[in-house]
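Trainee: For chain A, the structure is supplied; the task is to place chain B on it using the hints.
Here is how the chains run, residue by residue.
There are 2 protein chains.
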Amino acid sequence: MTWNVTNNELTEEQLLVNESLFSLGNGFLGVRGNVEEGYGPDMTSIRGTYINAYHDETEIEYGEKLYAFPETQQKLVNIIDSQTVTIDIDGERFSMFSGKILGLERVLHMDRGIQERRVHWRSPKGKEVKLTFRRLVSFTRKELFAQEITIDPSTPAEVHVAASVNGNVSNFVDPNDPRVASGHAERLHVTAQEAGEVLHVTNQTYETKLNVHCASCSLLEGAEADKEVIEEEGKLTETYSFQADGPVVLTRWNAYTDTYRHENRLKEKAEEVLAGRPAFSLLEKEQKEYLDHFWMQANLKVGGDESLQQGIHFNLYHLLQSAGRDAVSNIPAKGLSGEGYEGHYFWDTEIYMFPVFLMTQPEIAKQLLKYRHSLLDAARARAKEVGHSQGALFPWRTITGGECSAYFPAGTAQYHISADISYSFIQYYLVTGDEDFLRDYMLEVLTETSRLWMDMGHEKNGMFRLDDVTGPDEYTCIVNNNYYTNVMAKHSLRWAVKAWQKLPEGDRRVWAEKLDLKESEMKQWEKAAKNMYLPYSNELGIQAQDDTFLNKKVWDLENTPKEKFPLLLHYHPLTLYRYQVCKQADTVLGHFLLEDEADEETMRRSYDYYEKVTTHDSSLSYCVFSMMAARLGRGDKAYRYFIETARLDIDNTHKNTKDGLHLANMGGTWLALVFGFAGMRVKEKGLVFRPVLPKEWDTLSFRIQYQGRLLEVTLNRKEAVYQLLEGKTLHFTHRNESVTVTASRPVKLAI
Amino acid sequence: MTWNVTNNELTEEQLLVNESLFSLGNGFLGVRGNVEEGYGPDMTSIRGTYINAYHDETEIEYGEKLYAFPETQQKLVNIIDSQTVTIDIDGERFSMFSGKILGLERVLHMDRGIQERRVHWRSPKGKEVKLTFRRLVSFTRKELFAQEITIDPSTPAEVHVAASVNGNVSNFVDPNDPRVASGHAERLHVTAQEAGEVLHVTNQTYETKLNVHCASCSLLEGAEADKEVIEEEGKLTETYSFQADGPVVLTRWNAYTDTYRHENRLKEKAEEVLAGRPAFSLLEKEQKEYLDHFWMQANLKVGGDESLQQGIHFNLYHLLQSAGRDAVSNIPAKGLSGEGYEGHYFWDTEIYMFPVFLMTQPEIAKQLLKYRHSLLDAARARAKEVGHSQGALFPWRTITGGECSAYFPAGTAQYHISADISYSFIQYYLVTGDEDFLRDYMLEVLTETSRLWMDMGHEKNGMFRLDDVTGPDEYTCIVNNNYYTNVMAKHSLRWAVKAWQKLPEGDRRVWAEKLDLKESEMKQWEKAAKNMYLPYSNELGIQAQDDTFLNKKVWDLENTPKEKFPLLLHYHPLTLYRYQVCKQADTVLGHFLLEDEADEETMRRSYDYYEKVTTHDSSLSYCVFSMMAARLGRGDKAYRYFIETARLDIDNTHKNTKDGLHLANMGGTWLALVFGFAGMRVKEKGLVFRPVLPKEWDTLSFRIQYQGRLLEVTLNRKEAVYQLLEGKTLHFTHRNESVTVTASRPVKLAI
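Protein chains in written order, with the UniProt record's numbering: chain A, 1 to 751; chain B, 1 to 751.
Isolated chain A (complex conformation):
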């Protein structure tokens, strides 16, 4: 069953993991997979509902605060809870942790966009009842979270149901793990009121003064009930008391609105969403239609491995659930599935997730870029604050543009994020050919980031150098001439020049004035790109991760006890920085993204070298090693790394899925299949494929969008089949061969 994820365990540990696995979302709203009635006493739950980008600010405390350290940190805020429903049967409260569970099934339906829980329960006093909980966060009505609960006692029973809307919520705090959201456990401002049949609760954040509103209503079918509304401080509860002689169904509609999207119409908009009380079956139908279309465009099929296929579905499904589509939000590192990394947006989006959307849902991809473009003012201000005389320095982690990193060596110092963002804009342009976008968005981003590189870099002995940065590998911080950063900046500078050259003469004058472009700037960019220093070791024949990495002592990974991983939780950063040891792909990632900057033998030797010193303590690592292994013709290795990505969350291999899903890794699964095994690259000259099918699989197929076309690629043991499903004749490259595919006939090529 590759379209479902099922998990029926009732241990505290797995239940926490399930809260993330079974989370629902639509890019705007996210609801964790908590259970309506809660767990047993003393069992931990991270109960959460989130709106993408809806955040508060807290002060950042520093033992020693230096100049331009961020003063405040934004944090995704847990909003009003509308999941909670308690059920009493003949006076006994239903719980999966009392009485006896005679049957239980919890399922996430990834083809249908619903989550379902069926429980056959015998109460402590012996009453039997079948309960079905179904829920969805609508893809088409973004404010709506709906629930359907069926109560079916084996013999007639007196039932009492209480469904609440609770503003008394707070964020979860785990002081022992820096990767988990911290602080902001304070209660929000809460106002509650009852209005006819709709319950209304509004919360406001303390500092950002953002409002969130939840309007909720419900309908009971199958019994005559006494209905009541109980008002408590910040909480409203609807209760139904009735005799159930057969199945009784409660449907709940919970609509969420917030200041960002609905300005002063929070309540009105929420009521509009509830209007007509759309039947749960209708909502299900809409979900199915939406997902049918999505899977038609985005599905990736691997023939011969069901468990893997399930992982692929799961990862793509959660990506879809997590991506903001409104240009004021992006993709939080943990999606909307948990509070880890405080709902911040990182480079994870650009490098690991954006390509999935770009190639399958370009409209969402465009929104993600527009969001980044909207941060430019903040990025310019940040550059100034840090000490630059020009340019834009994008924040390492943020929600609305302010730098939220409290540890700059593995935060602000990761200047590469500015190049990563530029890279995505360039990729978008290459895939869509959208000239308007180039002019209206890309030009400014490339210009301002180029100005940053010019200000922070300098030429010495004919080489343009970028000192004092941290590359992707967070076990090696504050270095000079990180290969990844330099090669990405080079690409960005070169494309900044190109972008201006692509503008029609008239536009160029207008925009040169708008962006205050000096004649001389483009020349400087060109020169800097040309002279960009890319450190190389003659001795090893590899690109050096930075100026001094290869001179350091090599960490003895073989003799490091297993329990000492991830290393960051067991060694002082100084100790980690002192060694050749990588948390994740760094130079190897540079080779993947910009393969034309190094010859194949260098990439091969670099791969071999860095593989030996990489711990993959970051979940952003496996997919890169998988892709580069495939690129270098090492199918076996590619497969082994890939396998680590596909089921990382389903199998909780990193042991922290409870804090939220590893969205970047999920994107990495798609990347590994398409960029890895199918060997796709998007280049200026067009698409390139270099397919490699692991021996474990019979087939691999997927679809991509490219300049108005829909292309299906299918690999089997012998050949690659390219079929144009929509759009005009396409020229591309298969290995080193120029190929043309027309709508009328698929092209089959040996692999």
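These are computed hints drawn from the structure, not numbers from a lab. Predicted model, so just to flag it, every value in this text is computed and none were measured. Hints are all accurate, no fakes.
Identical chains share a label here; the pair holds if one copy fits it or two copies do between them.
Simulated crosslink set (EDC-like; lysine to aspartate or glutamate; CA at most 16 Å straight-line):
#, residue 1, residue 2
1, Lys-125, Asp-88
2, Lys-127, Asp-88
3, Lys-553, Asp-455
4, Lys-562, Asp-617
5, Lys-65, Glu-385
6, Lys-502, Glu-435
7, Lys-370, Glu-444
8, Lys-209, Glu-263
9, Lys-553, Glu-459
10, Lys-460, Glu-539
11, Lys-564, Glu-385
12, Lys-370, Asp-440
13, Lys-655, Glu-13
14, Lys-718, Asp-698
15, Lys-130, Asp-90
Mentor: Frame of chain A; chain B shown alone:
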């Protein structure tokens, strides 16, 4: 008047500075130069009394806390206040900020060890009175702070005097400056009781549960008074009401004891100190005797510049007031004159202050080293915690041995402190020839720090490398092969071997077992020292500050606006780290401390190069540049830098003297004169002098202790005169000449 410091200004700014300038101390107890009655309303005062090493602990907050970041920070605590005395004359409260000041003189007597304030005051209603406030912190009775107040109205007056002992104190907080003590503004536990004629107040710190006790009594002479004691929460006040027909004198004795030094006898010991109520004149006499002896041993005389001579006296005097002599305390970066740097001990002691004591007060020097030796267990534990498999890593800043640095790139990363400490032990041995000390203290320190270097360093291409450290220059953090660190570690490793070799065979066996020394270790140390990599630029002919410093962009100091200094308060550390810009001497300091590791031309070129990129934003910088300028025969330059050191605090040139005195810089004054102008070095082969007298001076003379001798050195325009005042015939080097001086006859040599 070179023996006095006078300042009669009454601006808020200068009064705060005066609190530091006029502070009194004896290495154990420190009392800021506040005024008894306080200032005007709304005027800021940092009112403080401190016991060296008496501290509390507070949690360190981190926005992002990584492994082995210190959890708590120790902070010098402001203890019970016994300075406060208010005086009412005919019902009008005396204040320097009401009525009219007809005369005022505030003087610190550095030859007599007292501070005096004479005020001729006319009250708002026109009453005239002369008041004299005198105070001392006894050098010979370390627990005692005494005050003498003379009240002399021009016509008979009704006077009311209230002298209090107040436990309701807190530390000063300035959230805008990271260099100022922060936090711990909470009140201490306070208990107060009246016991006969002695007032007793005890405070206890919240976390460390250390007690401090103040016992206070007073005597009024010259009038019959009604005496009363008022008890408030945590505060006791003695009042005297009387008619003054002539001068009336109040003497107060305040005795302080604490848990460290007096265990469970705090109250008893304090009462012992008060016993007999020693007359203020007796205490003055004792001070004078003590200081006569000190100045006889330690005074430095410069002929031809009174203002400079005053600065020299001032700096030496405060060094004497600040140095702990009990092996549980050391010299706080601000002495006992303020709360800046939270009373922590840094490398400042070893490199800037220890040599002064070593050469003039070797018994105090020994105590300072014993204190460091006592931290070994903590340093071993810290090494383990950070990730080392062996050795001792001394804390960058501490009171009792725990690392208190909350910003590791300019804290824990300064591994050189472990070499600095070793260096001092070696210097001590060279100056005293104390073999017992070598065996009982030095051996262990050198062994454990050598083990640290072996664990953190590694050999590559035949060179022993020390990666991932920060040198003295805090504008360049987290680098590889910092010259200073490497050359200091080399010296330390080499001496570790020597120290073992100097042990008699029997001792060696015993100690090898005690310290678990393996045969192979000494060989490794020797090899590492021999192969230590000392980065050098062939292009520039200088030692490179680290592997990559010279490749960075050079900061444009010339075009940096004056108000942007110190740079650390105006630029993000990443921006500073990215440039060739130094906060302070780094490589140049390495050349000063270990001149035999580089040839003279290299030192000269290094000096010229680094001088251009150094801001001297740290007060630890001038003296080093002065000494090296003198070493290189540049008397003018040496003089100009020296001048910045001598009056830095008196003239408040760094604008933060209010937070406490710059003790290291004060040591630097002595160093610049003795190591700089007199060109003294302590080497294994003996003392070396290379005198250079600036043209501004007629003479320079000083005395030093060396292997049981007292040697006086006098420079005049033509010659250096070496006179042996105590001890056996001495062989030393004057320039390149071997010289012998005997007790019977001074040696005069041309300079």
